[in-house]
Amino acid sequence: MKKHITDFTIVDRKSYGPNYFALTLQHPDSMPEIVPGQFVEVEVKGTREVMLRRPISIHDVDYKNNTLTLLVQIVGKGTRQLSELKIGEKLNLVYPLGHGFTLEGEKVLLVGGGAGTAPLLYLSKHFASKGVKPTIILGGRTKELIPVQEPFGQYGELCIATDDGSQGEKGMVTQHSRFAEKYDRIFTCGPTPMMKAVARHAQANGIECEVSLENMMACGVGACLCCVCDTDEGHKCVCKEGPVFNIKKLNKWMEN
Amino acid sequence: MLEVKLHNLTLKNPVMTASGTFGYGEEFSDFIDISRLGGIVVKGTTGERRQGNPYPRMAETPSGMLNAVGLQNVGVDAFCSDVYHRIKDIDTNIIVNVSGSSIEEYCTVAEKINELENIPAIELNISCPNVKKGGMGFGTNPDMAAQVVGEVRKVYDKTLIVKLTPNVTSIVDIAKAVEAAGADSVSLINTMLGMAIDVEKRRPYLSTITGGLSGPCVKPVAVRMVWQVAHAVNIPVVGLGGISCANDALEFLMAGAKAIEVGTANFVDPAVTVKIVEGLEEYCNRHGIKDINEIIGII
Ligand SMILES: Cc1cc2nc3c(=O)[nH]c(=O)nc-3n(C[C@H](O)[C@H](O)[C@H](O)COP(=O)(O)OP(=O)(O)OC[C@H]3O[C@@H](n4cnc5c(N)ncnc54)[C@H](O)[C@@H]3O)c2cc1C
Ligand SMILES: Cc1cc2nc3c(=O)[nH]c(=O)nc-3n(C[C@H](O)[C@H](O)[C@H](O)COP(=O)(O)O)c2cc1C
Ligand code: FES
Chain P
881 MKKHITDFTI VDRKSYGPNY FALTLQHPDS MPEIVPGQFV EVEVKGTREV
931 MLRRPISIHD VDYKNNTLTL LVQIVGKGTR QLSELKIGEK LNLVYPLGHG
981 FTLEGEKVLL VGGGAGTAPL LYLSKHFASK GVKPTIILGG RTKELIPVQE
1031 PFGQYGELCI ATDDGSQGEK GMVTQHSRFA EKYDRIFTCG PTPMMKAVAR
1081 HAQANGIECE VSLENMMACG VGACLCCVCD TDEGHKCVCK EGPVFNIKKL
1131 NKWMEN
Chain F
59 MLEVKLHNLT LKNPVMTASG TFGYGEEFSD FIDISRLGGI VVKGTTGERR
109 QGNPYPRMAE TPSGMLNAVG LQNVGVDAFC SDVYHRIKDI DTNIIVNVSG
159 SSIEEYCTVA EKINELENIP AIELNISCPN VKKGGMGFGT NPDMAAQVVG
209 EVRKVYDKTL IVKLTPNVTS IVDIAKAVEA AGADSVSLIN TMLGMAIDVE
259 KRRPYLSTIT GGLSGPCVKP VAVRMVWQVA HAVNIPVVGL GGISCANDAL
309 EFLMAGAKAI EVGTANFVDP AVTVKIVEGL EEYCNRHGIK DINEIIGII
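So the sequences go chain by chain: P and F. 881 is the number of the first residue of the first sequence in my numbering; add one for each residue after it. 59 is the number of the first residue of the second sequence in my numbering; add one for each residue after it.
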C-alpha cells in the first residue's frame, strides 16, 4: 500500500469535552484506500519542543467527500498545539501507515477506552457496510471520559461501562454483561491494562483477538526501530508490522 | 555540478542518508526517488542477528531526540543472502554501516561485505563498546581506534569510511589515528551521549537510562568538529549531525565536508533528502557556482 505525504485542509473541528477534539481533513484530490486500524503521522508546527510527527489513528473516512477524521486526546505539547488549529488551516500528514485490522468475522466485538476508541469507529463502519452489526463496548472511569458515543450507534450495538456507574453498566468493560458472549472475533484498542484483560479473556476462550498498540514512534515507517514491541517472534515495529497485532504473537506482552 | 569524490567513490551529489535513520532505503521509496541521492548508508550490521535494547528506546528532547535502539539488525549473513538482493540495483552508492563488539566481529562483517559487488564502501561504526575491554568504546581511544581500523583494512579493499563518535576529549586525535591506520575517509558525528528524565514517573525515559542525542540540537557541535577534523587530516570528511535543510548541508560543506548525511530529519519529513539536493542546486545556480567543490572547505 503506497504511502503519501499530503497537505490536508481542516474542514471541520468539534470539541468533545475539555480533553478531546476531532478534526476532519480534506484531501486536495482523491484519497487512497485506507484500512481500518491504520494511522497517520501528523506534523505539528509552531512549537520548538515538538519536532517529531505524532501518530494518530484514522477515526473515520468519507471517500465521497474525500475527508478523513482524527479524534485526539490532549495529553501534552503536540496534541495541545493541534487542538489550537482552526478550520481552513492546513495539516501535513504522512499516511496511511501500518497494518490494520483483519476484516473478518460474523459476530464481532469491539472494545475501546479513552483515545483508543478512535480507530474503532471506522472499523464499525466497515462491518456495517458488509451487513455485520458489531457489538461495541466503550469504557471509562466516568461517562465524561467516553467522549464520542453517538456515531457508533449508527453502525452497531453500543454498550457503555463506567467505573462509577454514571452511564451504562457499572464496572470495567470486561465485566459488562455483553462481554462474555460467544464472539468469533474481538478487536480492542485503549489503555494497556484494558487491552491485556480483553486479550486474556479471548485467549482463555479461544476467540480470535486483535489489539492495537500505541508505542512511542519517531519515523512511523519502519526505518528507525524505535517503536518495537517484544513479540513471540522477537522485536517487531509497531508502526509497520502493527499497530494491530493478533494476540497469538503477543504472549510475552500479555504476561507482563 | 554537484558531483563529489570520496576517495575512489564518485557521488552524483554530496547528499547521503545516515545509518539507522533510513532503514535499507526501501522504507522511503514511496516518498522519493532514492536513486537521486549521492548514497545510502544502511542500518548498522553486526556479525550475528541482534534484538537491540528493550522498549522504550526513544524520547523527544528540545530540537532533537534520544535513542537507544542498540543495533537491532538481521546480521551480516541475512544481509548478504536476503536484503542485499532487494537493494543492490538501486542506482546510487549503497554503503553498509559495520558494527561489532570485538575486532574479530568487525573483520568478519567487513570481509563478507567485501564480497558484495554492488557495495562500493563500508562505514565502520567505531562508537560501539568493546566487550573485551570492559565495554569501552573503540572510538574513544586513539590506539584502540587505530587497531580496529588497521585490522579491518587488511581484509577490506574498497572504500573504507570510519565513523567517529563525538564523545571524546579530542576528536582530532582519533581522526588522525584512523587516517594513519588506513582509513580512506572519516564521517562525523555519531550521536552524543545524553539522558532525559520523566519527572512525573520519576524515572529515565529510556530503558537504558542514557542514549544517543541527534537532531538539530547537535548541529553546531558537529559543524565545529567537522571544521577541526577537516583541517587536521588529508582524507575526505563526511559531515553529519542535525542536518535538515540545504543551508545546514552548506554549513558542513563550507566547514570542510566533501559529503553529508541526513539522519533524524528523515523522520520529520521523509522527502527531506531530495529537497536538500534541489536546494544545493538552487544555491549553486543563484551564486554562479559551476562545481560544488568550489565552496568545500572555504572556511
Ligand atoms: C498507532 C498510534 C495511534 C494513535 N492514535 C491516537 C488517536 O487516535 N488519538 C489520540 O489522541 N492519540 C493517539 N495516539 C497517541 C498519541 O500519539 C500521543 O498521545 C501523542 O503522540 C502525544 O503527543 P504530545 O506531544 O501531546 O505528548 P508529549 O508532550 O510528547 O507527551 C505527553 C505524555 O503523553 C505520553 N505519550 C507521548 N507519545 C505517546 C504515544 N505515542 N502513545 C502513548 N503515550 C504517549 C508521554 O509519555 C507523556 O506522558 C496514538 C499512538 C499511536 C502509536
Ligand atoms: C534511531 C537512530 C538509529 C541510529 N543507528 C545508527 C547505527 O546503527 N549506526 C551508526 O553508525 N549510527 C546510527 N545512528 C546515528 C546517526 O547515523 C547519526 O550519526 C546521528 O543521528 C546524527 O545525525 P542526525 O542528527 O542527522 O540524526 C542512529 C541514529 C538514530 C536517531
Ligand atoms: S517509529 Fe520508526 S520504526 Fe517504528
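Keep in mind the hints are simulated off the structure, nothing from the lab. No experiment lies behind these values; they were computed from the predicted model shown. Take the hints with a grain of salt, since some may be wrong.
Each computed BS3-like pair below joins lysine-lysine, with the alpha-carbon atoms no more than 25 angstroms apart [unchecked claim]: (1) P/Lys925 with P/Lys970; (2) F/Lys259 with P/Lys957; (3) F/Lys212 with P/Lys925; (4) P/Lys970 with F/Lys146; (5) F/Lys259 with P/Lys1132; (6) F/Lys259 with F/Lys333; (7) F/Lys146 with P/Lys882; (8) F/Lys146 with P/Lys883.
Rough simulated footprint, nothing fancy, chain P against chain F, three-plus residues with beta-carbon under 8 angstroms [what the hints assert, rightly or not]: (9) 151-163; (10) 327-340.
In this text, a Cβ means the ideal position worked out from N, Cα and C, and glycines have one as well.
Here is how each hint holds up against the structure:
Proximity of P/Lys925 to P/Lys970 is assessed by CA-CA distance (about 10 angstroms); at most 25 angstroms being required, the pair is judged to hold. Under the criterion of a C-alpha separation no larger than 25 angstroms, the hint pairing F/Lys259 with P/Lys957 is consistent with the structure, at around 17 angstroms. Taking the CA atoms of F/Lys212 and P/Lys925, the gap is near 50 angstroms; set against the 25 angstroms cutoff, the hint is violated. Only pairs whose Cα atoms come within 25 angstroms are accepted, and P/Lys970 paired with F/Lys146 is rejected, the gap being roughly 39 angstroms.
Taken as a hint, the F/Lys259 and P/Lys1132 pair is honoured in the structure, with Cα atoms around 24 angstroms apart against an allowance of 25 angstroms. Distance check on the hinted pair: F/Lys259 and F/Lys333 sit about 40 angstroms apart at the alpha-carbon level, beyond 25 angstroms; violated. With a C-alpha separation of about 21 angstroms, the suggested pair F/Lys146 and P/Lys882 falls inside the 25 angstroms cut-off, and the hint holds. The hinted pair formed by F/Lys146 and P/Lys883 meets the criterion: a straight-line CA distance of about 23 angstroms does not exceed 25 angstroms.
Taking a C-beta to C-beta cut-off of 8 angstroms, the segment 151-163 of chain F contributes 0 residues in contact with chain P, too few for the three needed, and the coverage statement is violated. Counting residues of the segment 327-340 of chain F whose C-beta lies closer than 8 angstroms to any C-beta of chain P gives 3; at least three are required, and the coverage claim holds.
In summary, the numbered hints that this structure violates are 3, 4, 6, 9.
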